[in-house]
Amino acid sequence: MDKCKSISTPFSTSYHLDHDVAGNPVDETKYKGLIGSLLYLTASIPDIMFVVCMCARFQSAPKESHFNAAKRILKYLQGTKDVGLWYPGNVSLSLTGYSDSDVAGYKIDRKSTSGTSHLLGSSLISWQCKKQSCVALFIAEAEYIATGSCCAQTLWLRQQLNDFGILLNKIPILCDNTSAISLTKKSHYAFKK
Amino acid sequence: MHSRNKHIEIRHHFLREHISNGTCKIKFIDTDLQLADLLTKPLAKDRFNFLLNELGIINVNCLLQ
Chain S
54 MDKCKSISTP FSTSYHLDHD VAGNPVDETK YKGLIGSLLY LTASIPDIMF
104 VVCMCARFQS APKESHFNAA KRILKYLQGT KDVGLWYPGN VSLSLTGYSD
154 SDVAGYKIDR KSTSGTSHLL GSSLISWQCK KQSCVALFIA EAEYIATGSC
204 CAQTLWLRQQ LNDFGILLNK IPILCDNTSA ISLTKKSHYA FKK
Chain P
1279 MHSRNKHIEI RHHFLREHIS NGTCKIKFID TDLQLADLLT KPLAKDRFNF
1329 LLNELGIINV NCLLQ
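These protein sequence lines map, in sequence, to chains S and P.
The first sequence: position 130 = 183 (our numbering), numbered continuously.
The second sequence: position 45 = 1323 (our numbering), numbered continuously.
These are calculated hints, taken from the structure and not from any lab test.
One or more of the hints may lead you astray.
Below, a list of computed lysine to aspartate or glutamate pairs in the EDC-like style, where the Cα atoms sit at most 20 Å apart [what the hints assert, rightly or not]:
(1) Lys1319(P) - Asp162(S)
(2) Lys134(S) - Glu1332(P)
(3) Lys1303(P) - Asp229(S)
(4) Lys1319(P) - Asp71(S)
(5) Lys1305(P) - Asp55(S)
(6) Lys128(S) - Asp1324(P)
(7) Lys223(S) - Glu1295(P)
(8) Lys134(S) - Asp71(S)
(9) Lys1323(P) - Asp162(S)
(10) Lys1319(P) - Asp229(S)
(11) Lys238(S) - Glu1295(P)
(12) Lys124(S) - Asp229(S)
(13) Lys160(S) - Asp216(S)
Being a predicted model, the structure only gives us computed values, none of them experimental.
Hey, can you work out the whole structure from these sequences and the hints?
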């Protein structure tokens, strides 16, 4: 794979990964080893975070389609050897959280995926991609769960900054769903059936 | 109430509590500028590159020029 062609994105938008029961099985140890190495890389390369997490869900019975998806990530990495996170100096120390969610993006159990990222000034310092543990019935609910995870991470970062002598309050969490935002404000219990 | 809904209830109050404390505040952002989009779904090339740029993930050769 070290002489493979590079590719512009680590994932294909045209198909979804599923169990692929009819597909050709591949060597499980080899696949797990590949995922392990890629997971290590996600600590410094947030671009591949989503797709590595997606591929990591099929480690128990990997098929050729999963292996090809994982190989596509390697192709992407081949072309992005010079790309990385840039931390410029002299920036303002303002913390901003971003929270987003897809809706039932994982077709097998219809659970949504939360994605959160935190920027200190203009630099990315924390990112997360996690399949939610419960089934969200509507978009606002999925977004709300993602915002909750984002809030937890914000508190942790706030505490860290506090230890360095920077006290931040009213840290903005940016959410792109107005229904989820209004759930945090109004006093009625929208989830109570 | 379904037992799984309890998790939402707890989370619901967790977030609301921190907002009322003044620790954090929730703001609206346009989906196009949502920087966490990258971590939730497969994106097309243009959108993907736009978000990488916004997040400060850049090619080292661009900096040197």
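Outcome of the hint check:
For a cut-off of 20 Å, the pair hint linking Lys1319(P) to Asp162(S) stands: about 16 Å separates their Cα positions. A threshold of 20 Å between alpha carbons decides the hint, and for Lys134(S) with Glu1332(P) the separation of about 19 Å falls inside it, so the pair holds. In summary, the hint linking Lys1303(P) to Asp229(S) is supported, as the alpha carbons are separated by about 14 Å, within the 20 Å threshold. Note on Lys1319(P) and Asp71(S): the hinted pairing holds, with a Cα-Cα distance of about 15 Å set against a maximum of 20 Å.
Proximity of Lys1305(P) to Asp55(S) is assessed by CA-CA distance (about 44 Å); at most 20 Å being required, the pair is judged violated. A hinted pair counts as satisfied when its Cα atoms are at most 20 Å apart, and Lys128(S) with Asp1324(P) qualifies at roughly 18 Å. In summary, the hint linking Lys223(S) to Glu1295(P) is supported, as the alpha carbons are separated by about 12 Å, within the 20 Å threshold. With a C-alpha separation of about 30 Å, the suggested pair Lys134(S) and Asp71(S) falls outside the 20 Å cut-off, and the hint is violated.
For the hint linking Lys1323(P) to Asp162(S), the alpha-carbon distance of about 28 Å lies beyond 20 Å, and the restraint is violated. With a C-alpha separation of about 15 Å, the suggested pairing of Lys1319(P) with Asp229(S) holds against the 20 Å cut-off. For the suggested pair Lys238(S) and Glu1295(P), the alpha carbons sit about 10 Å apart, so the restraint of at most 20 Å is met. For the hint linking Lys124(S) to Asp229(S), the alpha-carbon distance of about 32 Å lies beyond 20 Å, and the restraint is violated.
Between Lys160(S) and Asp216(S), the direct Cα distance comes to roughly 42 Å. Violation of the 20 Å bound is thereby established for this hinted pair.
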